[in-house]
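Residue numbers (the working numbering), protein chains in the order written: chain A, 2 to 539; chain B, 685 to 981; chain C, 3 to 317.
By construction, these hints were calculated from the structure, which means they are not laboratory data. Warning: the hint list may mix true and false statements.
Said to hold, decoys possible - Lysine-lysine pairs mimicking BS3-like chemistry, simulated, CA-CA at most 25 Å apart:
id: 1; chain 1: A; residue 1: 115; chain 2: A; residue 2: 206
id: 2; chain 1: A; residue 1: 513; chain 2: A; residue 2: 473
id: 3; chain 1: B; residue 1: 837; chain 2: A; residue 2: 417
id: 4; chain 1: C; residue 1: 211; chain 2: B; residue 2: 869
id: 5; chain 1: A; residue 1: 224; chain 2: A; residue 2: 513
id: 6; chain 1: B; residue 1: 837; chain 2: A; residue 2: 454
id: 7; chain 1: A; residue 1: 115; chain 2: A; residue 2: 231
id: 8; chain 1: B; residue 1: 946; chain 2: A; residue 2: 270
id: 9; chain 1: B; residue 1: 837; chain 2: A; residue 2: 396
id: 10; chain 1: B; residue 1: 862; chain 2: C; residue 2: 211
id: 11; chain 1: C; residue 1: 211; chain 2: B; residue 2: 867
As the list claims (entries may be wrong) - Computed footprint of chain C on chain A, listed as stretches where at least three residues anywhere in the stretch have a Cβ under 8 Å from a Cβ of chain C:
id: 12; segment: 207-216
id: 13; segment: 400-414
Bear in mind the structure is a predicted one, so any value in this text is a computation, not a measurement. Glycine included, every Cβ here is placed at the ideal spot set by N, Cα and C.
Spelled out from the first residue to the last, the chains are:
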Amino acid sequence: MKRLPIVVTIFLMMCCLAASPALAGQRGDQFPDGGALNYGEYGRPATLDPITSNDMISLRITELIFNGLVGIDEKQEIIPELAERWEIEEDGKKYTFYLRQDVAWHPREGEDAKPFTADDVVFTYDIMMHPQTITPLKVRYEFIESVTKVDDFTVTFTLKRPILNALAKFSFKVIPRHGLQNQEFLTREDPFVQAPIGTGPYMLKNITADREVILVSNENYFKGRPHIDKYIARPFADQNIMGQALMFNAIDMIVLVNHRDIPQLQGDKRFVMQPYNALSYSFFGFNLRNPLLVDKRVRKAFTYAINRQEMLDSFFNSQGTIISGPFAPGSWAYNLDVQPVPYDPQKAEELLTEAGFTKNGDGIMEKDGRKLSLNLKVPIAKESEAVKRVVLAFKNYLQKVGVDIQPEFQEWMAWKEDIFLHHDYDLMYASWVFDDSADISSLFHSAEIGSWKNNFGAFSNPEVDGLIVEAKLTLDHEKRRTINRKLHEKIADENPYTFLWTLTNYAGYNKKLRKVAIHPYKFFSFADEWYIPKSEQR
Amino acid sequence: MRRFSQYAFEISDVSHVSFWKKAGPMDRVYIGYGLLVVLLVVISYLLGATGALPYDPQEINLELIMAPPNTGGHLLGTDFMGRDMLSRLIISIQAYFLPGLLAIGIAIVFGTCFGVFAGYWGGALETATTYVSNLLNSFPRLVLILLMVAAFKPDIYYIMIIVGVTNIPVVASLIHSKIQFLKQKNFIEAATALGLNNCTIIFKHILWHNCRSVLIIQATLGMAEAILMETSLSYLGFGVQEPTPSWGNMVQAGSNYFMQGKFWPSTAPALAILFAIMGFHLLGDGLNSMLERKGDR
Amino acid sequence: MKLSAVRPITVLVTRELGIAALLLLGVSFVVFVILYLSPGNPFATLVTRIETAADPGAAAAAPATWYGQYFTWLKNLFKGNLGNSIRTGLPVLQEVVRVGINTLYLTIGSLLVTLLIAVPIAVFSARRGMTPTSWSMTVFTYVVSALPVFWLGYIVIYISIHRFGLFPLAFGSSAGPWNWFYFLLPVLVLGISNGTISEVVRYLREEMKRVFAEEYIVTARAKGASVWKHSFKEGFLIPITEIIAAKIPFILGGAVVVEQVFNWPGMGRMAWQAAQDRDYPLIMGITLVAAIIVRMGSLMQRVVHIIVNPRASKE
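Only chain A is shown next, with the shape it has when bound in the complex (with noise of 0.2 Å):
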């Protein structure tokens, strides 16, 4: 008994010592807060929304200003974010979200801060799925079949039909419905757009006459005070200069860092220089319309004619991985037992005369007088260095085995257009990039072809149909990662794409940084834990 008190002493204490930071930080955490973090950014954001946005550099600011129902923590789990919890009822076909209580809009000047409630939720879908509104978030939603308001804090998703992996689909960021001028839809035009509010850990302050982006803390944020102050991305015209400038202290840290800046920031002790695995590949895809294309061992001739490896090693200082199917390695619909196929200038040549192609007097392949030659078409960018690089050697590599490559550098724009709507190029470059999924069927299925559509090449396969479909259907997460190995190992059979690699990422930073985390695609994620220690802010 006489120990009793003592013991409730030391317990009370402990708390004391626990919460008297937790009140300073108002997060349950001991770190310091403050600072500003000045970041890099490749261009200027178009939009600053979630909804009209489609480019990575708004991506990564609209993560900070906003919110989803759920939340992917660092290891790949759905946590609950503006939701608190869910119930999946009806064998997965509906879904009932329960809303935080304490969420309120980042407040705008001279106004109360409104609270976040489910018309909101209700409000971003209507506006999501609006056909006046441009957005490409519409495809992913198609699978909801209508959202109620079940009282203001709980919110019910009925689905068209159950499918595997609903929840993430619900990180979608929710906007205010006070916050735009037009109810029905959104626009660019909307001065929303330029001028978001969230729910997030970081408000917009003000966009600068060079757009900058300023965002500042917000003190109310549901999860506690972010920790650094303030965020600021600064787009930089020139990538050489951008790198100097984290060199020299300018900004402090760069989202993506040039392949050629690795080295000497690797060296360099003042920075982090830390990978994140982006699901994402480069390919070189064919145009099917082309009859010398629709062989399927003209295709892999050509993957066997390049030397992925070499490229890799001395384009990328072999930061990536060499891939051999449709999915990016970071995910687990890739199938590791598919190798990809070695580098084999012969081979590549009797596939090319398996196929009825004798090399002419100029050494070039030909097949009832048609030579085998063929356009890339590859976009446009100003610090196009890598793209260059690995375009000129494929051309190279080709041309040793008898086949003829002309590169055309297109304006993106035109790029586009010829891939996606004329469908007039033979081979093309580029890259995709996944979100959270592991989806392929917009990229294989033969009812993507089409204006507009991802199969661009007209790749149309029914056994692949078929998997695809199946794969969509299923609900067993284990069934459909067989399908997806079945898939990943018939499309390897019938290149439609030479696949390349994927790329590890760097984002540079400063020593001051701490405890940075970075999601690979949204990157910002979590970085309302980041923090700069006080005697490195300045």
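Since the structure of chain A is already known, use the hints to place chains B and C on it.
What follows is chains B and C alone, placed relative to chain A:
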């Protein structure tokens, strides 16, 4: 009659005495330098055609990327694909030659027409051509090119058309003032009195005898401008595209390594640009000052 | 004399203004033609967008005929409505004016730099003739005029970082005590390497030589009066304003590159971005505003010309 005709000849006769004799010592240096540059263009073509270059300018060597000068037989080093810099530098001249000629051709043909219309006939034609010239002068060239790139596609020939078109007013105003000068001296009146028809006067006496030097000068300056414009556009990503080498895209590619302290890949082509542009400018200047001296006489 | 001179000047200036307006109309037409002829006729879409934005209720459609489209666009242009940027959704006019001011600073600043370098050299070589000093200065101007501007920019940035330990880009939010330095570098680079110094020197030198040889100057000199005082207007003021007006388009063009290198938030950078995105309304707006700047330069030149020499402009 006889007297008039002599007078007409005296004014129109620019160069029946040797150019070289009229040139001052400085002009000779200028012209000599300029001719050297022109000679190099010819040599570049010859080397390219006969395959006598040190290396194949398109030969990729991934083992030897960004080699510093004088490694492995590469006198100026290699570029970001391990291609020989010197060979590419030599062959690059050709990237400018035809597009540059196009730009010059447009500027000279249309500029001359405009100048003759405005100067020889005058009146409403003068007003109209002045208006068009001023209109073309109102566009910053690079902005106009960016508009064209957005509307059509980035192509060196489109770009050179714009360079040519925006140069029309310069040529037009030179021809115009030349004709006005001739008018002041009653030269045209005299020629008309001789019974010559307009065609002969314009082509033979005005353009051939009095304006050809002006046109040659403009041509040399036009070439210099074409090179500088392509360089700027290469930096913006809209210049001559790989694998065709141009000095502009070589400076651009090389300057990616500038900040890392590797200067040679951009310095060599930049100096080539410097050398060529100075050559064209000095050639134009030398010719110009000779012409001036003639005018004073 | 003075009084009588006032009226013609106002009349002449009004006339010049009228001409400028007419030219801008022409500029708008040229821009229209380029877009109208480009594949897919983006112009029709553009007009529809402008009309819809002006009156969201009515479902406006672009007129079918080319002149209909042009006049609808022109009508909106007069109202100051150039449409909204496709990329950001912001009104084009407001956007272009905001960044146009930065470009104007850069242009005017670099013009001053060009003149500060070119004028002394021109004056020196006009008065002294071709001495070794003036010759080497002239060659210097040729060299700097022939340097690729972005490469010079890189050199300057490299030197300022590695020699002086200054990072020359801090425009915007983090303005510090060194801001004037950051401001100065791009102005210097553009002023030196816009490819016009050698031309300015040459033109100015020839004009001054010509004026020095004029009879009235020779007379003045014989009388012992100051040559400068008498030759200032014709030998200096007029050629300088002429060359400034003629070179503004070139400098605006060079600004596109310099803004890119130095991260300068100006019109040129915006034009480049707009060309990449095919943001037609924006690039049309930029072309128009750039043309207005050029016309303003010429207008200034004409006005100076008229004021200096009212009689010369009467023809």
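Which earlier hints turn out false for this structure, listed by number in ascending order? 2
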